[in-house]
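Visitor: Numbering (the numbering used here) for the sequence shown: 543 to 658.
Where hints are given, some of them may not hold.
Said to hold, decoys possible - Listed next, with one range per pair, are the computed distances between beta-carbon atoms:
| no. | residue 1 | residue 2 | range |
| --- | --- | --- | --- |
| 1 | L612 | G589 | 28 to 36 Å |
| 2 | T613 | A643 | 40 to 48 Å |
| 3 | Q636 | T613 | 29 to 37 Å |
| 4 | G586 | Y627 | 42 to 50 Å |
| 5 | A650 | N617 | 43 to 51 Å |
| 6 | S656 | F623 | 47 to 55 Å |
| 7 | T652 | S628 | 35 to 43 Å |
| 8 | A590 | Q620 | 41 to 49 Å |
| 9 | F580 | F623 | 56 to 64 Å |
| 10 | Q611 | L633 | 32 to 40 Å |
| 11 | S641 | I619 | 30 to 38 Å |
Derived from the structure by calculation, the hints contain no laboratory data. Only a predicted model underlies this, so the values are computations on that prediction, with no experimental measurement involved. Even glycine gets a Cβ: it sits at the ideal position worked out from N, Cα and C.
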Amino acid sequence: TSGAASDSTLTFESSTNNNDVTDLSLIQTAGTSDLLSFITAQIGANGAINSQIQNEVTEGNLLAKQQAQLTERLNSIQNNFISQYSALNALLYQLSSTSTALNSALTALTNSQSNN
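Kindly produce the complete structure, drawing on both the sequences and the hints.
Guide: Below, the structure is given as structure tokens:
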């Protein structure tokens, strides 16, 4: 029973035994087995979560393979540029030597023409 005291506080006196209260943990509510089946299906070996993890691992492996291929291609292009630079540097040295030789020859020719 419950009642109100004169100081406006509520008091509760229980005359019922706790054995009369239903233990809800023992009762299977509607959909519980469906929920358990759903969770088991999601986390099981063939479940959606495991499939998603496998897909992510596969995609990660493919990305690592593509990264290795791109790194190899980049190294190849870099080596090609280094070879081209070396060849152009050697050509520049030859052209500079030719320019110096032609300049000396023209100076000598001009001097010989001036002396005549």
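Visitor: Of the hints stated earlier, which fail here?
Guide: 4
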